[in-house]
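Chemist: If you want the building blocks of each chain, they are given just below.
Number of protein chains: 2
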Amino acid sequence: MAVGALILIYAGVVVRSILRLPQGGKKAEEVADAIRQGANAYLIRQSKTLAPFVIVLAVLIGLFTGAATGVAFVAGVVCSALAGFFGMLVSVRSNSRTAKAAEEGLAQALGVAVKGGSVTGLALVGLGLLGIGAIYYLTSSVAVLVGFGFGASLISLFARVGGGIYTKAADVGADLVGKIEKGIPEDDPRNPAVIADNVGDNVGDCAGMAADLFESYVVTIIAAMLLGAAMGPQFVTLPLLVGIIGAIASVLGLYAIRLGKSHNIMNALYKGVAATCIIAAVGFSLISFDAYVTAALLVGVVATGLMFKITEYYTSKEFPPVKEVAKAAQTGAGTNLIAGLAVGMQSTALPVLVIIGAIIASFAAASAAGIPGVYGIAIAAVAMLSLTGIVITLDAYGPITDNAGGIAEMSGAPSRVRKITDELDSVGNTTKATTKGFAIAGAALGALALFAAFAEETGLQTINILDPRVTVGLFIGGLLPFLFSSFLMKAVGKAAFDIVEEVRRQFRTNKGIMSGKTKPDYARVVDISTQAALKELLVPGALAVLSPLAVGLLLGPAALGGLLAGAIVSGFLLALFMSTSGAAWDNAKKYVEDGNFGGKGSDTHKAAVVGDTVGDPFKDTAGPSLNALIKVLNTVSLVFAAFIVANALKII
Amino acid sequence: MAVGALILIYAGVVVRSILRLPQGGKKAEEVADAIRQGANAYLIRQSKTLAPFVIVLAVLIGLFTGAATGVAFVAGVVCSALAGFFGMLVSVRSNSRTAKAAEEGLAQALGVAVKGGSVTGLALVGLGLLGIGAIYYLTSSVAVLVGFGFGASLISLFARVGGGIYTKAADVGADLVGKIEKGIPEDDPRNPAVIADNVGDNVGDCAGMAADLFESYVVTIIAAMLLGAAMGPQFVTLPLLVGIIGAIASVLGLYAIRLGKSHNIMNALYKGVAATCIIAAVGFSLISFDAYVTAALLVGVVATGLMFKITEYYTSKEFPPVKEVAKAAQTGAGTNLIAGLAVGMQSTALPVLVIIGAIIASFAAASAAGIPGVYGIAIAAVAMLSLTGIVITLDAYGPITDNAGGIAEMSGAPSRVRKITDELDSVGNTTKATTKGFAIAGAALGALALFAAFAEETGLQTINILDPRVTVGLFIGGLLPFLFSSFLMKAVGKAAFDIVEEVRRQFRTNKGIMSGKTKPDYARVVDISTQAALKELLVPGALAVLSPLAVGLLLGPAALGGLLAGAIVSGFLLALFMSTSGAAWDNAKKYVEDGNFGGKGSDTHKAAVVGDTVGDPFKDTAGPSLNALIKVLNTVSLVFAAFIVANALKII
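The listed protein sequences derive, respectively, from chains A and B.
Taken in order, the first sequence gives residues 70 to 721; the numbers are from our numbering.
Taken in order, the second sequence gives residues 70 to 721; the numbers are from our numbering.
Rather than coming from a laboratory, the hints here were simulated on the basis of the structure.
Please note that a few of the clues may not be correct.
Copies of the same chain look alike in the list, so a pair counts if it works inside one copy or between any two.
In silico lysine-lysine, DSSO-like type, Cα no more than 30 Å apart, as pairs [claimed, not checked]:
#1 K675 <-> K95
#2 K330 <-> K251
#3 K330 <-> K588
#4 K378 <-> K563
#5 K604 <-> K396
#6 K392 <-> K580
#7 K392 <-> K604
#8 K117 <-> K580
#9 K95 <-> K719
#10 K580 <-> K396
#11 K251 <-> K340
#12 K586 <-> K604
#13 K96 <-> K330
#14 K719 <-> K392
#15 K588 <-> K719
#16 K330 <-> K604
#17 K675 <-> K392
#18 K488 <-> K719
#19 K580 <-> K248
#20 K659 <-> K396
#21 K719 <-> K117
#22 K248 <-> K340
#23 K378 <-> K586
#24 K248 <-> K330
#25 K675 <-> K719
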């Protein structure tokens with residue numbers, strides 16, 4: 070609790086230092102204001118939409134599992150929302166300051182962007198530790214903590230889904246009319262959808278990712294505590310201690326982010342990650358009471374490093390996969406798409422090996438230490454997610470630099486400044502992709518820990534695949550990620566269509582926009598995006614919350630166990646496939662824009678743009694939402710475990 | 070055995086009646102000859118490539134599981150290859166006769182095409198019953214039959230993979246240069262890839278599909294016999310009797326295919342399916358010894374009907390999904406692709422409900438009859454696959470009419486004739502899609518029966534998902550379909566690239582081709598396609614055969630059980646997703662070509678063509694190959710079950 074509070078105070082200090090920085094000229098400020106207002110409007114509307122849903126669920130949880138759990142649920146909702154809100158508030162204030170700092174040089178601009186990003190990371194970790202610490206201190210009950218975790222889950226689902234729909238509908242809408250039909254550049258102030266697009270970066274990449282990782286962070290710690298509760302008090306506190314070490318390591322790691330002589334931004338950021346990993350590893354060995362337990366914790370750190378490298382290999386334009394996708398664009402959009410889909414499918418292999426390697430190694434280490442193997446898996450997951458602070462910093466850096474680029478472009482900054490913001494933004498694209506790999510692997514390991522906790526809570530000793538109920542559960546669980554993704558892809562398509570219509574209407578009815586004489590009606594597009602995102606959010610949300618309850622109550626807890634296992638496997642694979650394909654298309658397009666295979670404006674480029682368009686909802690809407698889905702399925706099952714065991718109908 | 074032999078004799082009679090029909094003019098005959106030679110060359114080369122592989126495996130099986138099983142394995146290989154070969158021989162002779170019959174009218178042409186298609190169906194069913202009957206008669210050992218099933222599996226894998234790569238590489242290559250770069254129509258004789266494209270229809274859709282369903286057919290019967298062996302002799306013969314009933318019903322059903330007054334071809338074909346279903350249902354109730362057993366059998370028949378209807382809904386241009394995909398093409402290739410991917414993902418839901426409904430209903434029915442529930446699931450699968458004869462007729466009808474259209478076009482037949490072949494071909498596209506739904510569901514149910522037989526053979530009472538070995542198995546199993554698909558997609562891309570280069574070279578170096586003065590070098594393109602398909606076949610083949618052995622030996626039979634379950638679920642979902650997306654794009658393009666949203670040549674049409682190109686390897690290479698993959702994984706595990714149990718290292 071104290072560490073959580075201290076981190077939040079530290080975050081406050083960072084925020085003050087950011088707010089003191091200069092903001093750039095009046096024009097830049099205008100743009101930043103518009104983005105800020107749009108982002109706030111979205112978050113407020115989202116909160117209002119979800120409030121009744123949250124209240125009903127809180128009452129249900131209170132009735133079926135106790136009032137304390139219901140209250141903890143609301144606390145989880147509030148903390149998760151605050152983590153995203155807080156991060157975004159700072160993010161939308163750091164963007165113009167980064168653009169301003171770019172006037173002084175790359176190092177200065179990088180410093181501001183990293184500082185801004187770190188606030189999201191710090192807020193998330195601080196709120197997580199504070200929330201878990203406070204509830205555990207007050208109730209000494211891990212069961213109540215599960216309510217807190219479910220609250221975090223629910224918000225992460227809605228933030229990922231809503232934010233993902235918002236950001237891509239706006240992005241696709243802006244590109245289809247602006248870039249393709251009107252031939253104006255990205256972030257051109259004449260595009261009526263440009264502000265919505267920039268808002269989308271914040272609500273999707275910043276608030277959505279923050280809520281996602283906040284959830285993984287807290288639910289994994291809680292699951293490990295729950296598994297440890299049957300083993301003794303030191304096993305309950307260990308996950309919390311690991312979380313604290315990771316948080317401290319993340320704060321210290323921030324100071325290691327320094328631009329070297331080579332001016333390589335990516336390396337500067339990686340220095341921070343590497344320092345955090347080393348500090349955390351040392352810290353873990355200090356707090357651990359057994360060399361084998363330390364080994365299990367180190368598994369999580371190693372898995373983090375591997376996921377970063379693997380994701381970078383498949384999504385960075387430095388390596389063969391992206392180059393091959395770009396090369397395939399030479400024979401048209403069709404072959405570009407086939408190549409990207411193939412890369413995405415292939416990219417699932419190494420992460421699966423990392424996950425199964427982590428499962429086997431941490432299980433074996435725990436068994437060697439004489440403790441249950443599943444606990445080993447759970448603390449390896451906690452160790453991995455304890456690094457969330459630094460990871461989220463890198464991720465939140467993305468929308469800040471993206472927006473900074475947009476603000477520089479829209480406020481007509483000199484080309485020297487724009488070159489710096491472009492450089493920062495290009496690295497932001499890579500970090501957005503690599504942190505996604507971490508988030509997916511973290512979600513899978515976290516979900517596995519939750520799954521083990523679910524079995525513990527329901528008293529299931531075996532979940533036997535040969536039992537047809539479990540087989541049925543496996544099929545339903547495997548299906549959910551596909552069905553969920555299809556809803557989200559359709560939602561983006563529909564919302565983008567509405568935005569295209571509106572942007573076309575504005576260009577048509579107001580000729581002054583294209584000539585730059587009148588300002589377009591940005592707010593109208595922001596409004597359409599907001600409405601669309603919130604409207605499309607409820608069906609997938611209901612699907613995620615109700616299907617485990619339905620299967621559990623109709624077919625029993627073992628079938629529900631099958632569902633959870635099926636969803637974890639299928640969701641993990643599909644999330645990797647979609648995220649990697651999307652990022653590979655995105656960077657293949659950028660690789661062509663760098664002057665390869667004909668460069669910008671060539672037929673190859675046009676083909677690559679099609680891939681990028683398809684990749685947008687893949688990598689930024691459906692893919693990341695699956696993380697939230699597999700965790701929500703597990704937390705809802707965990708919260709209602711006792712209720713399901715007591716009331717299952719078991720129709721076969 | 071006798072029934073199998075009788076059906077083969079009947080097939081011979083049908084063949085004679087086809088060969089007596091007139092073939093059309095000299096020009097049509099030339100084209101048909103070229104297709105025939107290409108198809109034969111491919112099958113012969115494929116057999117030669119696979120021979121060493123088969124011999125090595127036969128020796129290994131003989132050593133580890135007994136000489137009789139090794140011999141049965143070779144018999145399975147030979148029967149499966151013969152089924153495909155026989156069907157294709159007739160198919161490539163029926164195409165020109167269908168084109169000729171089209172001169173007389175629609176009903177006549179339909180009659181020839183259905184007759185031609187029925188030979189594949191009859192050959193398959195006849196060889197299956199004959200092979201199983203003969204081996205069981207000679208050895209009275211179900212264990213030896215498993216070797217036969219594995220032989221069929223292996224060929225189906227290679228036929229699906231090799232045929233799938235061949236057909237789509239040729240198709241994509243022909244379209245990219247012919248249609249898009251040169252602007253010449255489909256099946257234009259000036260296109261050097263046109264013969265390879267038509268050969269591909271035969272080796273992919275006809276021989277590939279025949280091997281796939283032959284495998285599902287025999288392995289499901291064998292798995293049910295194996296499960297029945299522990300229960301008593303009547304349970305061993307029941308699956309065989311069900312197979313016989315289905316075969317007879319299919320033959321009788323063929324006579325119900327009649328063009329009504331409305332001249333609706335699809336309805337004519339459906340009459341045959343409906344008649345077969347009704348006759349089979351009556352037959353099942355006559356041979357069954359228990360009302361509940363009859364109910365389990367009827368589950369298979371109902372599932373067949375539902376799969377046809379569901380697949381048709383998602384892939385026919387009469388229904389909303391395809392229309393929506395076509396509509397999305399109005400805003401470009403990107404939105405067309407997003408819509409198609411979303412439809413594909415959504416289309417997995419209802420088939421999953423059919424499968425789980427079938428599992429629950431047949432399990433409950435068997436339990437009510439006082440016999441093990443898994444046996445109920447197995448005989449429901451057998452009942453479904455007993456209808457293979459009629460289903461394959463509809464499927465093999467596809468390449469015959471497609472080729473007939475090509476021959477009519479290339480031989481310059483009058484437009485009246487081409488209109489008829491086009492009409493037949495358009496229905497062929499639908500039947501190709503709907504039979505795929507049946508094949509996927511049949512593969513999934515068949516694989517589930519094999520999975521149960523695997524548990525029986527290994528003596529596993531439980532396969533516990535909470536055991537981390539099983540969890541690891543689930544992840545690996547879930548991964549395999551993704552990895553396998555990525556290999557195939559890449560293989561198509563590479564092979565298509567080679568063909569594009571060759572076609573471009575021919576157009577460049579020989580100016581006479583475009584003006585129609587000289588004939589292009591068809592054989593060279595056929596050769597490239599053949600080589601590419603066979604070269605790319607070995608890695609995925611090895612992956613499918615070796616991964617279950619590796620997991621079983623390293624982590625034990627329970628982990629292998631996890632792998633099989635993971636692969637069935639993930640393979641089933643991915644196969645549905647890819648097949649439906651592909652068919653939806655294909656028919657969305659056709660819907661636009663019918664004059665909707667701007668019609669042929671419009672920007673919408675161009676966007677729809679991109680979707681179709683991406684869909685080709687989805688629906689005709691990767692998607693269908695997954696059927697073979699999930700069955701091979703199960704048959705190889707079943708064949709080596711005892712060996713794995715005895716020699717597993719169990720490293721954790």
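Chemist: For each hint, tell me whether it holds in the structure or not.
Modeler: We went through each hint and held it up to the structure:
Taking the closest pair of Cα atoms, K675 and K95 never come within 30 Å of each other, the shortest separation being 36 Å inside a single copy and 45 Å across copies. Taking CA atoms no more than 30 Å apart as the test, K330 paired with K251 passes in neither setting, with 41 Å inside one copy and 53 Å between copies. In this assembly of identical chains, the alpha carbons of K330 and K588 never lie at most 30 Å apart, being 43 Å within a copy and 64 Å across copies at closest. In this homomeric assembly, K378 and K563 come within 30 Å of each other (Cα to Cα) only across copies, at 27 Å, whereas the closest approach inside a single copy is 35 Å.
In the homo-oligomer, the alpha carbons of K604 and K396 lie at most 30 Å apart only across protomers (22 Å), although the nearest pairing inside one protomer, at 39 Å, exceeds that limit. When the C-alpha separation of K392 and K580 is checked against a cutoff of 30 Å, the pair qualifies neither within a copy, at 41 Å, nor between copies, at 34 Å. Only between protomers do K392 and K604 lie at most 30 Å apart by alpha-carbon distance; the minimum there is 24 Å, versus 38 Å within a single protomer. In this assembly of identical chains, the alpha carbons of K117 and K580 never lie at most 30 Å apart, being 37 Å within a copy and 69 Å across copies at closest.
Taking the shortest alpha-carbon separations for K95 and K719, neither the intra-copy value of 66 Å nor the inter-copy value of 68 Å comes in at or below 30 Å. With identical chains, the CA atoms of K580 and K396 are at most 30 Å apart between copies only, with a shortest distance of 28 Å across copies and 39 Å within one. With identical chains, the CA atoms of K251 and K340 are never at most 30 Å apart, being 42 Å at best within one copy and 53 Å at best between copies. For the homomeric pair K586 and K604, neither the shortest alpha-carbon distance inside one copy (34 Å) nor that between copies (62 Å) is at most 30 Å.
For the identical chains of this complex, K96 and K330 are neighbours neither inside a copy (34 Å) nor across copies (73 Å), given an alpha-carbon limit of 30 Å. Proximity of K719 and K392 under a CA criterion of 30 Å is satisfied in neither setting, with 53 Å inside one chain copy and 41 Å between copies. For a Cα distance limit of 30 Å, the shortest separation of K588 from K719 qualifies neither inside one copy, at 62 Å, nor across copies, at 69 Å. For a Cα distance limit of 30 Å, the shortest separation of K330 from K604 qualifies neither inside one copy, at 50 Å, nor across copies, at 48 Å.
With identical chains, the CA atoms of K675 and K392 are at most 30 Å apart both within one copy (16 Å) and between copies (25 Å). In this homomeric assembly, K488 and K719 never come within 30 Å of each other (Cα to Cα): the closest approach is 63 Å inside a single copy and 57 Å across copies. Taking CA atoms no more than 30 Å apart as the test, K580 paired with K248 passes inside one copy only; the shortest distance there is 17 Å, against 39 Å between copies. For a Cα distance limit of 30 Å, the shortest separation of K659 from K396 qualifies both inside one copy, at 12 Å, and across copies, at 29 Å.
Proximity of K719 and K117 under a CA criterion of 30 Å is satisfied in neither setting, with 38 Å inside one chain copy and 54 Å between copies. For the homomeric pair K248 and K340, neither the shortest alpha-carbon distance inside one copy (37 Å) nor that between copies (52 Å) is at most 30 Å. In the homo-oligomer, the alpha carbons of K378 and K586 never lie at most 30 Å apart, since the shortest distance is 48 Å inside one protomer and 57 Å across protomers. Within a single copy, K248 and K330 get their C-alpha atoms no closer than 37 Å, and across copies no closer than 53 Å, so neither meets the 30 Å cut-off.
When the C-alpha separation of K675 and K719 is checked against a cutoff of 30 Å, the pair qualifies neither within a copy, at 55 Å, nor between copies, at 52 Å.
Violated hints for the displayed structure, listed by number in ascending order: 1, 2, 3, 6, 8, 9, 11, 12, 13, 14, 15, 16, 18, 21, 22, 23, 24 and 25.
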